[in-house]
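**Q** The primary structure of each chain is shown beneath.
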Amino acid sequence: MNIVVLVKQVPDSSAERVLRSDDNTVDRGSASNVINEMDEYAIEEALRVQEAHGGEVTILTMGPAGASESIRKALSMGPDRAVHVLDDALHGSCALATSRVLAAALGTLKPDLVLCGAESTDGRVQVMPHMLAERLGVAALTGARKLTVDGTSLTIERQTEEGYEVVAASTPAVVSVWDTINEPRYPSFKGIMAAKKKPVQTVSLADLGIAASEVGIEGATSAVVEQSKRPPRSGGQKVNDEGEGGVRLVEFLASEKFV
Amino acid sequence: MAEVLVVVEHSGGEVKKVTLEMLTLARELGTPAAVVLGGPGAAAPLVDRLSEYGAVKVYAGESEDLQGFLVAPKAAVLADLVRSAQPTAVLLGSTQEGKEIAGRLAVKLDNGLLTDVSALDANGTATQTVFAGSTIVKSQVTRGLPLVTVRPNSLTPAAAPATAEVSPLEVAVGDSAKLARVVERKVEPKGARPELTEASVVVSGGRGVGSEDNFKLVEELADLLGGAVGASRAAVDSGFYPHQFQVGQTGKTVSPQLYIALGISGAIQHRAGMQTSKTIVAVNKDAEAPIFELADYGIVGDLFKVVPQAAEEIRKRK
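Line by line, the protein sequences give chains A and B. Quick note on numbering: the first sequence equals residues 0 to 258 in numbering that gives the first Met the number 0. Quick note on numbering: the second sequence equals residues 0 to 317 in numbering that gives the first Met the number 0.
The set of hints was computed from the structure by calculation and includes no laboratory data. Where hints are given, some of them may not hold.
Mimicking DSSO-like on lysine-lysine, the simulated pairs with C-alpha atoms at most 27 Å apart in a straight line are [to be verified]:
1. B/Lys107 x A/Lys256
2. A/Lys228 x B/Lys137
3. B/Lys189 x A/Lys237
4. A/Lys109 x B/Lys177
5. A/Lys196 x A/Lys72
6. B/Lys215 x B/Lys185
7. A/Lys145 x B/Lys189
8. B/Lys107 x A/Lys109
9. B/Lys215 x B/Lys284
10. A/Lys256 x B/Lys185
11. B/Lys185 x A/Lys145
12. A/Lys228 x B/Lys277
13. B/Lys15 x A/Lys256
14. A/Lys237 x B/Lys284
15. A/Lys237 x B/Lys315
16. A/Lys256 x B/Lys317
17. B/Lys277 x B/Lys317
18. B/Lys317 x B/Lys215
Distance windows between CB atoms, simulated [what the hints assert, rightly or not]:
19. B/Arg316 x A/Glu241: 20 to 26 Å
20. B/Met0 x A/Asn239: 31 to 37 Å
21. A/Asp79 x B/Leu154: 39 to 45 Å
Think of the CB as a built atom: it goes at the ideal place given N, C-alpha and C, for glycine as much as any other residue.
Only chain A is shown next, with the shape it has when bound in the complex (with noise of 0.2 Å):
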């Protein structure tokens, strides 16, 4: 079975993550990047699947230069090669340009299964794996908790409101994975020297018969046209439990006419 994994390196979230001011997009350059955490869950996922079917793991990633390392890093873990989608043009882009870039490179990857995080934690958007099934006319089985793979069905369990959902569908497919699904493997040292070897591939928009001007600043199709500092949370009043914590909690409560 070919597995494509998604990989999307992203702000870390526990840095201070900041929109640039010149265009308003997400400030790549500023904070340290790192890979988007539910992606590791996505590419463990296509290593165990990989382990009890066979057939290849490659990281797909869409991303400026430096990328590369999350990539490095990805692969570290075991997949077989890469596909970095890499220009200049992509700065900017809209989930909407996104996928279509997506898709296009996915297009020339064949892949039976497309494994990838269910939301990446810069955007929060969780609609890529829809917009690719759209663009692909496969199936979208998202926020899996659990993946059955047999021949070539794949069943999810998936977290609802109401409770799970059981879904299926045949190969080709796009599966998205929640933190629940498994517990990534740390790379190992050889693992680490491993993948400065292994094959990593450039593509351009041009390779994939995109034109600059569809994805990008100048191709999105939503645009943020003012951002601001919310103002931080003052921390109000501290008190220091003396016997009376709970009163003076239900006090507070009441004042606010919440009890």
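Assemble chain B onto chain A, guided by the hints.
**A** Frame of chain A, contents of chain B only:
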């Protein structure tokens, strides 16, 4: 005035609160028209409630196909409706399903999309909070109509009774939208508590709660306040509480009137999911815990002493 389509979130024959919020918002933008997508008979029990909040029309898309497959058939029906009704805006709930339908709709219509919107003005400018609530942005769809998903608890729903005319939709779903088949839909009993993302009060427990058993304390306070129960990632990872109640970056984002954090240190992972709550209260024994930087009212103390005493005091006042 042109129609504003509001895609109805419903469950068990009831309209979810986010839908009432969207109808309230839609009235500022145009004529609210609700769109029910579901199985046969899905619309009838919802019409009165939708009318009460100002829907002048209810488009009823009812078919086994709409509930037998994941979102793709719903997006297909909605795309046809947008093309024929030519609305000024389309609003969906910023929930898993709402976002998924919106993503497919955006591709089908080649239309921009804004998610997690907390306000939308008449010229289509949306307000979103990003980066764990640290940055507020104003955004616009620059291609197509405003297609937005609205974050639950963004505004207070207000009734504005109208008489909705029910307009059945033709549901013609091609095979390409029927690739992901729902084999089983399991409803887990959730008791009388409100849904986490819609609750006006949320009481959450963290690692400091210490055990699954101790979460009863969190539940007790939540029940006394008519609230939902949440949990930090640390508590979920420790097996104290199920994952569907996780609040934070890899869980739910909540924005209640009152958020009470018990034994939660307030790591960025957690703050990302609750920072936009209106009033925040924290109980933690560590005076240096970052949660106190956010809390409108913080108690430095042992939650096992403070919470039972608070529960007792609430009972007394009732």
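**Q** Work down the list of hints and note, for each, if the structure agrees.
**A** Hint check:
1. B/Lys107 x A/Lys256: violated, 47 Å
2. A/Lys228 x B/Lys137: holds, 12 Å
3. B/Lys189 x A/Lys237: violated, 34 Å
4. A/Lys109 x B/Lys177: With a Cα-Cα distance of about 21 Å, the restraint between lysine 109 of chain A and lysine 177 of chain B holds, given a limit of 27 Å.
5. A/Lys196 x A/Lys72: Between lysine 196 of chain A and lysine 72 of chain A the Cα gap is close to 12 Å, so the pair holds against 27 Å.
6. B/Lys215 x B/Lys185: Holds, at about 25 Å.
7. A/Lys145 x B/Lys189: Roughly 22 Å separates the two Cα atoms, so the pair holds.
8. B/Lys107 x A/Lys109: Roughly 22 Å between the alpha carbons, so the hint for lysine 107 of chain B and lysine 109 of chain A holds.
9. B/Lys215 x B/Lys284: holds, 19 Å
10. A/Lys256 x B/Lys185: Distance ~38 Å between lysine 256 of chain A and lysine 185 of chain B Cα, so the pair is violated.
11. B/Lys185 x A/Lys145: holds, 15 Å
12. A/Lys228 x B/Lys277: Holds, at about 17 Å.
13. B/Lys15 x A/Lys256: holds, 25 Å
14. A/Lys237 x B/Lys284: Satisfied, since the Cα-Cα distance of roughly 12 Å is no more than 27 Å.
15. A/Lys237 x B/Lys315: holds, 24 Å
16. A/Lys256 x B/Lys317: Roughly 13 Å between the alpha carbons, so the hint for lysine 256 of chain A and lysine 317 of chain B holds.
17. B/Lys277 x B/Lys317: holds, 24 Å
18. B/Lys317 x B/Lys215: Satisfied, since the Cα-Cα distance of roughly 21 Å is no more than 27 Å.
19. B/Arg316 x A/Glu241: 20 to 26 Å: holds, 21 Å
20. B/Met0 x A/Asn239: 31 to 37 Å: With a Cβ separation near 57 Å, methionine 0 of chain B and asparagine 239 of chain A fall outside 31 to 37 Å, so the hint is violated.
21. A/Asp79 x B/Leu154: 39 to 45 Å: violated, 50 Å
Violated hints, in rising order: 1, 3, 10, 20, 21; the structure is consistent with all others.
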